[in-house]
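> One letter stands for each residue in the lines below.
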Amino acid sequence: MSLTLEQVRRVAHLARIEVSDAEAETTLGHLNGIFALIEEMQAVDTRGIEPMAHAQDLSQRLRSDVVTEENHREAFQAIAPETEAGLYLVPKVIE
Amino acid sequence: MIAKGLAALAQALAAKELSSVELTQMYLDRIARLNPRINAFITVDAEKSLAQASAADAQRAAGTAGPLTGIPLAQKDIFCANGWLTTCGSRMLGNFVSPYDATVIENFNAAGAVILGKTNLDEFAMGSSNENSYFGTVKNPWDTQRIPGGSSGGSAAAVAALMAPAATGTDTGGSIRQPAAMCGLTGLKPTYGVVSRYGMIAYASSLDQGGPLAHSAEDCALLLNTMAGFDQRDSTSLDHAKEDYSRELLATADAKPLAGLKIGLPKEFFGEGCAPEVMQRIEAAIAEYRKQGAETVDISLPNMKLSLASYYVIAPAEASSNLSRFDGVRYGYRAAEYADLNDLYTKSRTQGFGEEVKRRILIGTYVLSHGYYDAYYLQAQRIRRLIANDFVAAFKQCDVIMGPTSPSTAFKIGEKTDDPVQMYLSDIYTLAVNLAGLPGMSIPCGFADELPVGLQLIGNYFAEAKLLNIAHRYQQVTDWHVQHPAGID
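As given, the protein sequences belong to chains F and Y, one line each in that order.
For the first sequence, my numbering gives the first residue as 370, with consecutive numbering after it.
For the second sequence, my numbering gives the first residue as 987, with consecutive numbering after it.
Since the hints were made in silico from the structure, they are not lab data.
Misleading hints may appear alongside valid ones.
Stated by the list, open to error - Partner residues are not named here, just some residues of chain Y that face chain F (Cβ under 7 Å, in silico):
id, residue
1, Ser1192
2, Arg1320
3, Ile1347
4, Arg1371
5, Val1407
Here a beta-carbon is modelled for each residue, glycine too, at the ideal position from N, C-alpha and C.
Please build the complete structure, drawing on both the sequences and the hints.
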């Protein structure tokens, strides 16, 4: 299969990435090249094979529900683009 | 002095032949002189490095020095280091001064090692040539017209040009082994979960693994001793007993440590696709192993050919999820102008990420989207298991697997930038190891047209000490790993 320009635009929108009209054709060409490579998988019969999500088949560790991290708000917010009174500032979302 | 191994440097420091401040200054001088040509470092901060060196000297004077106390090391700029600019090769993090240390950095700091600087890499570790860095391409010290490999290309070039005695790297699909091969170094990607990922900026979390890049297996073992260890703060860190990775290296040669070693040679590594001049060196290295008493067995990894397809679904899928955190709100790049919140996200990401990163985010978003998840993502994970199962079967027949690290030597800058698929093929022999989570190494095994060739060694889970020993034995009888590029001094 190959992607369409419309699919590229939709995926770009989902990923919050702008693809200009000039870039779209090149991006489509590159993605289709990569998907041609990926398509090789579709011919493989994998019925009954358990998907391998992880390099080690381990379940996630649990820890006791206690505070382990100290508060570093000032250090973390010192590198933020914009903060005020300990909050991160973004453009107004609700009028 | 600068061309010596870590053990020799440690010995010189212990014998008070020189101080850590003097040693660090020697490397800083070399970086100041050579880095403009090689571009291996993104950040150097002499004041910080020398302060650490001075503290290491004080530690030594107090009699509490360990094997890495006062040793300067280059850190891949993917490891967060408190107070250091940590860019991950991206404009997105071009202003990010990390407020905390990665566990790997914390471990090296605790061992008294000195951070010599932060090395260049492909943006977010996505690349095989270092051409995807926002901070410019790294040049291969063996031929500055050529790429150093990637993504840990800055680390590899720094060590190859003797701007650092050793460095850290990370390997998601070959990013330690392939640059090690192309720069004539020894590199080790440990078993997934052995080195903590805490503070190591995430690309594909189920594949990412940190490891050392150095001249010799001996040096890699020394570094891994400090890098490895269980870490509560990494949810996939393995609770594995602490090991001394140098322990097997001590056996004397007359103990014949390689006698009876079974080397598996997968036919998939020795078919078409590999440059003949590379294959010649690989075969010569295997012949040397036979001479040392090892046996070879022909094996097969029938699903390995699918690793490229499986990897280029799984890694971008995980990347698209990991990189969704970069939104211009809490840290990193924020676009100068935007209309509303959505526009702030979109403009910051569009301007902050480079081409290859965006490409992989798009692939990942697509394969995870509604209607495609089963056909792509789950299918890739099923194939991942088939690939891992091939290795399980193979290790019933052999102790170690060998083959080329990369199908070619370092290629020319610009040669593959227009065709992502051609670039991806550079990792054809390394990807399967990450998918399976196994440890792998690359060691120098000669030159083709005056460019280094790397032999890949793949071990079973937790076989790092054994792999290092197998590499070390080869380095006891060859001198490829102690050769340095001419014209770089």
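> Can Arg1371 of chain Y be said to touch chain F, with a Cβ gap under 7 Å?
Where the cut-off is 7 Å and the nearest Cβ of chain F is about 4 Å from Arg1371 of chain Y, the hint holds.
> Under the criterion of a CB-CB separation shorter than 7 Å, is Ile1347 of chain Y in contact with chain F as hinted?
holds, 5 Å
> Given Arg1320 of chain Y as an interface hint, is the shortest Cβ-Cβ distance to chain F below 7 Å?
Hint on Arg1320 of chain Y: holds, closest Cβ of chain F at ~4 Å, below 7 Å.
> Return the status of the interface hint for Val1407 of chain Y: holds when the least beta-carbon distance to chain F is below 7 Å, violated otherwise.
holds, 5 Å
> Quick check on the hint: Ser1192 of chain Y CB to chain F CB, less than 7 Å?
holds, 5 Å
No hint from the list above goes unmet by this structure.
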